[in-house]
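S.K.: If you're matching them up, the sequences are chains A and B in order. Positions 145 to 387 (our numbering) are the ones given, in order, by the first sequence. Positions 17 to 325 (our numbering) are the ones given, in order, by the second sequence.
The set of hints was computed from the structure by calculation and includes no laboratory data. Predicted model, so just to flag it, every value in this text is computed and none were measured. Glycine included, C-beta positions come from ideal geometry on N, C-alpha and C. Don't take every hint at face value.
[Unchecked claim] The list that follows gives simulated cross-link-like pairs (lysine-lysine, DSS-like), each with its CA atoms no further than 27 Å apart:
| # | chain 1 | residue 1 | chain 2 | residue 2 |
| --- | --- | --- | --- | --- |
| 1 | B | K99 | B | K135 |
| 2 | A | K167 | B | K99 |
| 3 | B | K135 | B | K150 |
| 4 | B | K157 | A | K167 |
| 5 | B | K135 | A | K167 |
| 6 | B | K157 | B | K135 |
[To be verified] Covered by chain A, per the in silico footprint, the following chain B stretches (three or more residues, Cβ under 8 Å):
| # | segment |
| --- | --- |
| 7 | 75–88 |
| 8 | 181–194 |
| 9 | 237–245 |
| 10 | 253–262 |
[To be verified] Computed list of chain A residues with no C-beta within reach of chain B, every gap over 10 Å:
| # | residue |
| --- | --- |
| 11 | N170 |
| 12 | V234 |
| 13 | T253 |
| 14 | F302 |
| 15 | F317 |
| 16 | T360 |
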Amino acid sequence: MLRDDLRGMWYIALKDLRAYYLKPPNISWGILFPFAFVLAFAIRNPGDLRSLTPGLLALTLLFGSSSMEAIVIVFEQRTGALERLLLAPVRLPALLAGKLLGGMAFGLTVTAAVLAVALVVFGVGSVNWPLLVLALLLSAAAFSALGAFVSVAVREVFEAQTLANFIRFPMMFLGGIFVPLASMPPALQAVARLLPLTYAVEALRAALDGRVLPTTVLDLGALAVFAAGFFALAVRTLARRAD
Amino acid sequence: MSDVIQVAQLTKHYPGARGAPPVRAVEGIEFTVREGEVFGFLGPNGAGKTTTVRMLTGLTRPTAGGARVLGYDLATEVTQIKKRVGVVPETSNLYDELSAFDNLLFSMQLYGVPRRERKARAEELLARFRLSDKRDVPFAKLSRGMKRALTIAAALAHRPPLLFLDEPTTGLDVMSARGLRGMIADLRREGVTVFLTTHYLEEAERLCDRIAIIVQGRIVALDTVDGLKARLPARLAVEATLADGDGRTETLRFEGRSVEEATQAALARATAEGRRVLALNTVRPTLEDVFVHLTGLSAEVMLAEKGRT
């Protein structure tokens with residue numbers, strides 16, 4: 145049964161990448177959108193561009209991993225294609241894990257392109273590579289699981305897009321990318337601590353600076369909890385709906 | 017001949033909306049499906065056909081009762097069942113973005129068909145369903161009949177011994193529907209057991225070995241087509257075509273305890289209305305007569321209901 149699940153997961157992820165993700169408009173949008181945001185901020189406040197790199201990576205990963213993920217499941221529900229997957233000998237958690245894997249793979253691919261540009265511009269001297277890989281993987285998992293939860297919580301594609309943006313845009317401004325957490329009022333700091341993006345930015349900053357802080361383990365742990373929590377919620381919601 | 021499906025007291029209730037009583041979609045049904053037969057499952061809209069199929073294919077959990085499908089228990093061995101059945105839903109639901117070939121390949125990947133067999137099997141299915149020239153065409157660009165054929169091909173990709181077909185010819189043109197009926201007959205010849213739900217009584221009469229009729233979640237009859245017809249009250253009918261003085265014709269049905277009595281009724285009507293009898297034919301009972309007798313619904317009403325969904 146585990147073999148069926150693993151095979152199903154793998155092929156569902158591959159199919160999603162081919163059918164939905166790896167299209168030129170998705171790739172170009174996934175890369176250009178975060179660059180445009182950061183560039184706009186940098187023009188307004190010229191300063192240390194290097195310090196924006198963790199935020200740029202986190203933002204690319206957030207939109208890359210969650211944008212299509214938030215649409216794909218609800219779209220397949222509408223067309224009936226999801227039923228085809230539910231009828232296959234693959235258990236529900238494995239089915240959703242396959243969907244997550246597709247979102248993560250796309251998010252990590254576009255983020256790798258952005259990371260390559262950042263490393264060419266700013267150098268790779270101080271990067272803690274194992275931490276960077278771990279932070280990217282856990283962030284991608286958390287954001288992709290968030291997208292999956294959004295997708296199973298609604299019934300229409302436009303509802304998924306609205307809900308995803310309702311969650312992501314406030315997160316973008318409260319997640320410590322453009323405004324450091326320390327300079328926020330205590331109430332906003334408390335809200336920021338409830339957002340996965342905050343932990344992704346902090347973990348990526350530690351990895352790029354090569355400084356593993358005591359709080360870095362907590363950041364990685366929080367990302368893992370967000371990934372597991374959103375995934376469990378998505379499985380539960382879809383199981384209820386399928387019945 | 018062994019039973020591939022054994023259903024015992026299968027029940028499904030859905031919670032009612034906002035304090036309303038639960039919806040009793042399926043209420044303690046029992047039946048068996050024999051190996052190699054085409055088993056028809058008929059009923060008006062909302063009778064519980066789709067819910068039954070959803071339960072038997074592992075999409076929905078029963079509220080009570082159970083079933084064994086291909087020897088596996090629905091409650092505890094649903095993955096084993098899913099591996100061995102093919103399902104063709106009412107809507108053709110393959111992936112628009114993938115080609116005909118890639119859709120078949122993906123079905124085989126999901127069901128664990130060995131890698132070395134996949135390409136040959138996909139080509140074989142495309143040839144069988146006359147889609148070889150559409151091999152690389154995206155699903156979205158196929159005609160409705162081709163989409164239906166490819167959806168059936170995808171359901172057969174892992175060689176299931178049991179196939180569920182939900183309204184396979186709904187929305188198809190006459191030629192496509194005829195082609196699909198031929199394919200279903202071929203499957204039966206190959207020994208595949210087919211569980212067919214349909215609104216087309218003529219289709220069921222032509223294809224099915226046995227038929228169950230479900231009304232309001234309960235099976236009201238289950239038999240061969242001839243067995244079902246034999247249940248009709250012993251009344252015989254003739255169809256008479258009557259013509260008036262202006263040449264206008266009308267075909268009417270007359271029933272009686274014998275052909276002679278029905279014929280006399282037709283002649284009496286013609287005489288009373290001053291019309292001539294142009295033609296007189298005895299009428300055999302059809303599955304539609306059985307259906308009307310058991311459900312109180314006419315086939316036209318059933319198809320009209322279908323059109324609204």
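S.K.: With reference to the structure, classify each hint as holding or not holding.
M.R.: Do the hints match the structure? See the list:
1. K99(B) with K135(B): holds (20 Å)
2. K167(A) with K99(B): At roughly 32 Å apart (the allowed maximum being 27 Å), K99(B) and K167(A) break the hint.
3. K135(B) with K150(B): Cα-Cα ~15 Å, so holds.
4. K157(B) with K167(A): Distance of about 18 Å is within 27 Å: holds.
5. K135(B) with K167(A): Roughly 25 Å between the alpha carbons, so the hint for K135(B) and K167(A) holds.
6. K157(B) with K135(B): It holds: about 22 Å lies between the C-alpha atoms, which stays within 27 Å.
7. 75–88: That given contact holds, which follows from 3 residues of the segment 75–88 of chain B lying within Cβ reach (below 8 Å) of chain A.
8. 181–194: violated (count 0)
9. 237–245: violated (count 0)
10. 253–262: violated (count 0)
11. N170: Label holds. Min Cβ-Cβ 12 Å, cutoff 10 Å.
12. V234: Label violated. Min Cβ-Cβ 7 Å, cutoff 10 Å.
13. T253: Non-interface label on T253(A) holds, nearest chain B Cβ at 18 Å vs cutoff 10 Å.
14. F302: holds (19 Å)
15. F317: holds (35 Å)
16. T360: holds (39 Å)
Figure legend: structure checked against the earlier numbered hints; hints not met, in rising order: 2, 8, 9, 10 and 12.
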